[in-house]
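6 protein chains.
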Amino acid sequence: MKVITLGEIMLRLCPVERERFVQADRFTAVYGGGEANVAVSLATLGEESVFVTKVPNNELGQAAVNSLRRYGVDTRRIVRGEGRLGIYFLERGASQRPDKVLYDRANSAFSLSDEHEYDWDAIFDGADWLHFTGITPALGERARALTERALKEAKKRGVTVSCDVNYRKKLWTLEEARPVLEHFMQYVDVCITNGSQAEEVFGITPAQEGQEGDIEIARTVLERFHLQTVALTFRRSINADINRIAGMLYQNGTAAFSRWYEIDIVDRIGGGDAFGAALIYALLHGFSPQETIGFAVAANCLKHTVEGDYNLSTAEEICALAHGDGTGRVDR
Amino acid sequence: MKVITLGEIMLRLCPVERERFVQADRFTAVYGGGEANVAVSLATLGEESVFVTKVPNNELGQAAVNSLRRYGVDTRRIVRGEGRLGIYFLERGASQRPDKVLYDRANSAFSLSDEHEYDWDAIFDGADWLHFTGITPALGERARALTERALKEAKKRGVTVSCDVNYRKKLWTLEEARPVLEHFMQYVDVCITNGSQAEEVFGITPAQEGQEGDIEIARTVLERFHLQTVALTFRRSINADINRIAGMLYQNGTAAFSRWYEIDIVDRIGGGDAFGAALIYALLHGFSPQETIGFAVAANCLKHTVEGDYNLSTAEEICALAHGDGTGRVDR
Amino acid sequence: MKVITLGEIMLRLCPVERERFVQADRFTAVYGGGEANVAVSLATLGEESVFVTKVPNNELGQAAVNSLRRYGVDTRRIVRGEGRLGIYFLERGASQRPDKVLYDRANSAFSLSDEHEYDWDAIFDGADWLHFTGITPALGERARALTERALKEAKKRGVTVSCDVNYRKKLWTLEEARPVLEHFMQYVDVCITNGSQAEEVFGITPAQEGQEGDIEIARTVLERFHLQTVALTFRRSINADINRIAGMLYQNGTAAFSRWYEIDIVDRIGGGDAFGAALIYALLHGFSPQETIGFAVAANCLKHTVEGDYNLSTAEEICALAHGDGTGRVDR
Amino acid sequence: MKVITLGEIMLRLCPVERERFVQADRFTAVYGGGEANVAVSLATLGEESVFVTKVPNNELGQAAVNSLRRYGVDTRRIVRGEGRLGIYFLERGASQRPDKVLYDRANSAFSLSDEHEYDWDAIFDGADWLHFTGITPALGERARALTERALKEAKKRGVTVSCDVNYRKKLWTLEEARPVLEHFMQYVDVCITNGSQAEEVFGITPAQEGQEGDIEIARTVLERFHLQTVALTFRRSINADINRIAGMLYQNGTAAFSRWYEIDIVDRIGGGDAFGAALIYALLHGFSPQETIGFAVAANCLKHTVEGDYNLSTAEEICALAHGDGTGRVDR
Amino acid sequence: MKVITLGEIMLRLCPVERERFVQADRFTAVYGGGEANVAVSLATLGEESVFVTKVPNNELGQAAVNSLRRYGVDTRRIVRGEGRLGIYFLERGASQRPDKVLYDRANSAFSLSDEHEYDWDAIFDGADWLHFTGITPALGERARALTERALKEAKKRGVTVSCDVNYRKKLWTLEEARPVLEHFMQYVDVCITNGSQAEEVFGITPAQEGQEGDIEIARTVLERFHLQTVALTFRRSINADINRIAGMLYQNGTAAFSRWYEIDIVDRIGGGDAFGAALIYALLHGFSPQETIGFAVAANCLKHTVEGDYNLSTAEEICALAHGDGTGRVDR
Amino acid sequence: MKVITLGEIMLRLCPVERERFVQADRFTAVYGGGEANVAVSLATLGEESVFVTKVPNNELGQAAVNSLRRYGVDTRRIVRGEGRLGIYFLERGASQRPDKVLYDRANSAFSLSDEHEYDWDAIFDGADWLHFTGITPALGERARALTERALKEAKKRGVTVSCDVNYRKKLWTLEEARPVLEHFMQYVDVCITNGSQAEEVFGITPAQEGQEGDIEIARTVLERFHLQTVALTFRRSINADINRIAGMLYQNGTAAFSRWYEIDIVDRIGGGDAFGAALIYALLHGFSPQETIGFAVAANCLKHTVEGDYNLSTAEEICALAHGDGTGRVDR
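Chains as they are written, first to last, in my numbering: chain A, 1 to 332; chain B, 1 to 332; chain C, 1 to 332; chain D, 1 to 332; chain E, 1 to 332; chain F, 1 to 332.
Derived from the structure by calculation, the hints contain no laboratory data.
Be aware that one or more of the hints could be misleading.
What the hints assert, rightly or not - Derived pair list, reagent style DSS-like, types lysine-lysine, alpha-carbon separation capped at 30 Å:
(1) C:K170 - C:K156
(2) D:K2 - D:K100
(3) C:K2 - F:K155
(4) A:K170 - A:K156
(5) D:K2 - A:K2
(6) B:K2 - E:K156
(7) A:K155 - A:K169
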């Protein structure tokens, strides 16, 4: 199956070991971004994964492309031109000290790119699915127009559309985000969100607590935006090293809940993207709701154990965790 | 506010990753020492922080000075001359294997320095506070004389004096330490210690257990030495990777207890020094007793997440933890 | 006391930090193997430890030998010749992602070596003990013949023989392993195994659960093979980072159980070998059953905190843990 | 243009910095091999580059494939199956100490692969060129059969064939190599070799010295094997750090000589492959003989400045050197 | 003596070892920039060195400030505010492959800063010298205005002004640069340039070759802009690893030439800045013309052996080279 | 043959890459010292090599011992006790910047050890040769007494004695060194020195220049101290990266000169020790004078290409260079 993802890919710079920014004289460099991460996950799972973006025509742009090719993503639709590559600096937290993200992504080649630079017919040729996140429209007017263009192109071809709401307060205010994201929901079939985003962005406060409340949130989102599927991710942050995660799938008036995982985190970034990719994969492959949410949450869990933005877990590994005990025994 | 700290700064050499000494072919080099750590913390918190010591006039001495300047400490009062820089080797433990400290600090330029080498008037010009620890007098006769000289200079100028008792059994015996430390307490206004030190060094065994016992210890110390303030640190070592810490402040007959933190440790060294610096800061800025101890313990906690001896946490970060939930969520 | 160990030593290649194989562009290189690990442990404990193997006469073979010499193992009986050094690749897991071992050890110089290449008289001159594991006969016909030759040489000289059953499913099937291992048990005095191996390899399913079942397993193994001593290791894998371990010693109809340790793992490989070496040491030195199992399990625990295959813990450190609280306080 | 390369890709392990094998506890891991290096160069130059091999279906095989995808090679024709990935260890020399290569490539999945495992129609669909080296037939009977099959498939489709003679004395003897390589020359259009190989493998000793002798060698090879083009590489090894290189192209009875470069070597491996790829590129693009040899030698030169087996120099960079002064001024 | 430098400080990111950008997954991070480099050199030489810039009020801005403080620069006049820190990526070349600089410095906090944000009285209080380079006015309108303001403030206080012409073609065209730089020359007392800049920027083509031509260039510049002193740097680039450098000082109608150094380069960046700082130092300390140029060129030479932008050579070391033989014997 | 070496082994700490001390936050740790280096070379050459010293009974002492065992040195005669391990810091120079050695070796366990702590009978049992250097008596009174005791023990058993004069100005003055070294020459059979030492220490200024002068120096030393053999090393330091070396052997009134090598240096330390060890080896094995000096200088040359103090070159490698062309071609 062919899945299109559209968004920004950035250079991520992270001090080695647990050094703080003010100590750092070495940075680990990887490339990533919400939709790029989804693209790599899908390619690793064996799907035909096409990532669409614009990168500068310099070595950093090339390195970003190479990072995608390395893991099997189709990068032929990526546009190149003037501009800079967005950067984000990540300070790995520890225990009570939180991870810190410092964005230096303004004026990136992608955020300033124009919808007419992209070859939409080539992009959507044979496509089954389009995925985007709420980060892309947060990047400015042009990125918003680009997002809408992609959504329209998808809809006119009957391509399924999924959206990970992903509200980022460092990029725009809730006041800016709300109307844009609500407007884009008209194109969406599958929505990924969580409780606090549903409340902040869509103003949904469930009357009940616990699983009933979660179901209420999902049902409200689904109904308000006429969706097919809503997936919720749950995260309890014990500290910067230990998180507990789970998920829920809501379809056809029924909710399926996954088990909970307690994770010793290696890399906190990209868990939600791993979840999204695995969800798309499971839905494309006709997994049952229970299997779908189990697979997606297991992928999310495993991502936390992999360095970098990309989830490099295979379908076999994710299944082994979803159906196994997660005890991490040596395989020898 | 201008705070003076006096003591030894050493080169700390620690095998990379978790290697043991007998495996190590690379050492991470940082600089530190009880009072130097306090000096860096105070500079990071925004105070005028003056560190006084003697270093050899070679590149290692210069590097030690540079490490202080880097974080904003005033190093103009540091004396240079013949001799060596003290070294300590640190083997990072793990789980049931403890951290191991191997001192190679004998005959350092500082420990052999003479009180007449220092320009006391320049040092104390405009000073508000003097901090020292029980490590300095443990370094020998000259360091003891130097400490007393500094204490007398402080007292004659009405400068507040704080002492972190910090008994180190690898430097001197209890029999040697007891009379010296008790003698120096006459100059002290604020004393930082803990239960086991109070028992070993000052012979104080509380009649009660729990918080009542802690209050009894603090009150006894305060009354015996006519102090203004006593702060106690609490530590429960689960293993080399996980510790629980808290603290108590005793002033005016009243005790304030902080919350407990369970910490996944990045670097075990310098927590007490971070506590001391934050305590001085809070007292200088007129924090309430409850805020003071909360701030100092949060600083202690955060230090455990920072590599090296120095606590590079800002006042804003410490406040965020003291008033927050410590869940270490990503800030993005 | 002089202890002989016979087996394969391999180059172990492990991606730096927590990188996955598909990310790795740097590997940490150490050398190890079941019996080599026991040999290093015994040398570190102060015994006269002789390791017998065959390595290729190239720089990698030399480096393997050097790694043993470095820690005091007598390597003069090692044969050199044509062939390759076995390699194993280790991907360090994390949390729910298991460690992964990828063997590339086929056709090693050792596995193809002939019993006549070894100087058995020199090897066993003055020997007190021979240790082997179930890995060696798994390496093929020649390695099986070699193992039996060594066992016969030991028996004819009255040397005590210990065996760590160590069934490895990636090397041979249970159908292949069972008759071989059962046949070799006739030479054995001290057997190290665990519950699942006892069931898989020897077909022993205890009627009871818990400690009674463990005792039943040990007694059955001991009686069936006319052994002197049986030691069981217990491991509960919480996840790839956290394991709980303990052990039991069965001798003279009596079982001694150790305490349990919960370990934050630095390196998962070689724990059982550390256990075996410490067990041999304790039996050779006449420790009581309770002290023996306590010492062996403490060694196993400490190995998990040391990088590489080798346990570099001294007898003093192991005793400190066995008799201490395992709280990992800094020693300064 | 579509260029097919067929051969083995190996994991290359090289001690970090200038460490010797017996010192090494860290290896840098890259992937490479004569034909794989040519494939990456061609992809970097912008050609459609298809690499054909067999890798084991484990993570190392995947990592080798990823290394090719990263730089744009088409890896869809790579076969996967049982077996191991060949390894070569490289000890970087210095000054008078030579680089040392230690092969551990016997029994690799590729060397044991069967010609029937490959989809020759898909491989050669639309192909313009096939490149192979003398290393592949050196890997054994099966690899020889596989090579011949590929050559026949190429010839029957009118695909141009180039061969880099590349005799490796650690893989086979001259007696073994001579008849095989001479036999394969019947399929070849473009041959890359050098003076000492021409003498050792083809028994050609020029009557003259200097350029006349070089021309004589090329003419003899060309005429004996009815070739279209012969390219010679020249190398003068000053020491392990400094080499001088040049080249000659012989076509239509005329020789074109390049300039000489004196190189401070970063990585000695893969220079000849970079030369071969650039030669193919230049011939495919109709460069003049003088431009062709200039471009190929400049590519060879630049490869020596790039770490790893692959030449990551762009056509623009190679041209800049071929037409420039090689003074290495900063571009800012 | 108090020297003011004004300019931009950037984060410099350089792949480890000799990796190319497309290979890099680790970057070494240092901070630097033309004027910042001069400031650090002067502080290392023992002068009172004040660096004036604007940095973002985030951790990267703080880290840039810390890098200056570490080496003794007075950073109290640095402004903080909104914006980003400029970045430049440096790919270390080798042999015939040139170093490559990739600027990502547009829209930096400094380049957008306003002259009214700076406290000119505090900056120039007690100042003896102001140094700037042609890079600062290349950063845009605001930076140009800022530069002129600083120059006027200097002039009105009788502060000596030096300028390093430093034309950067990646920042502006010659057409843009020429009028600006010529205009600013009215404020300058001491000008540092080289032959090609003199030709490109000021249109000066000497009638003669060799030293006579160099003297002609210097005299023309000096006379045209009514300068006190002109210094020329000479560089012959053998390749990216080896350069030859020298310099000339022109004052009072007389030229002094230095010796030539052939350098095996460790880090190519910042040599000119080291020259400038040493020149200022020598002029401030009344060195003779011959000693001045010898000292400045020796500083330039030594900088090439130091990693990072900053020259960390002491006056003693520079003198030792200027008066010595440069044979690099071990000092032990 | 059994060779005894006696001296101090130190921890050597060297900043990674080419960092200066004031930049360094990582040090590479190796162990070495003049006589220890000779011991490792001899063990690598296949001799029975016994190193005698005293190390502290802590982990650093153990690590020093392990470094020797790793390469096959017999360490059973090493004494352990109170004290510290000497340290030396090495700043690797580059081009015109010299290597810098910073000693921190005062008060080491060895330098304070007493001759009665050593078991001389065990040390000299079966010994053929004793080697020492002028560094040991430079360490103080006790080390001088220890040296003389060893020399007397050697002489009384008819053991050949070699001495590398090795005057170190950072350890003692010429006035102190001269009488001590002259006194010890009475015990010496084979003396290694060079022209400047011969002049400074022994006051020998040859009347002639060039080879005649060298012969005159050697003859004078030999005759004055009644030696059997004198070896001279020649070094021309082009810069910190490039040296030229050669050597001369003088015996029975005849001099043999080696060829000259120009070396691109990897590690400058230990070349003379490699020379000494190879000289002893060649003399013990009855090489001709010409072969002896050729072998010793080739060993010296190769040491410069090996990181650390130890020369890890095999006899086969040294012979290959001595008889070869030193062009450093890849061996594959």
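Each hint, compared with the structure:
1. C:K170 - C:K156: Violated, at roughly 33 Å.
2. D:K2 - D:K100: violated, 35 Å
3. C:K2 - F:K155: violated, 37 Å
4. A:K170 - A:K156: violated, 33 Å
5. D:K2 - A:K2: holds, 25 Å
6. B:K2 - E:K156: violated, 36 Å
7. A:K155 - A:K169: holds, 29 Å
In this structure, the hints that do not hold are numbers 1, 2, 3, 4, 6, in rising order.
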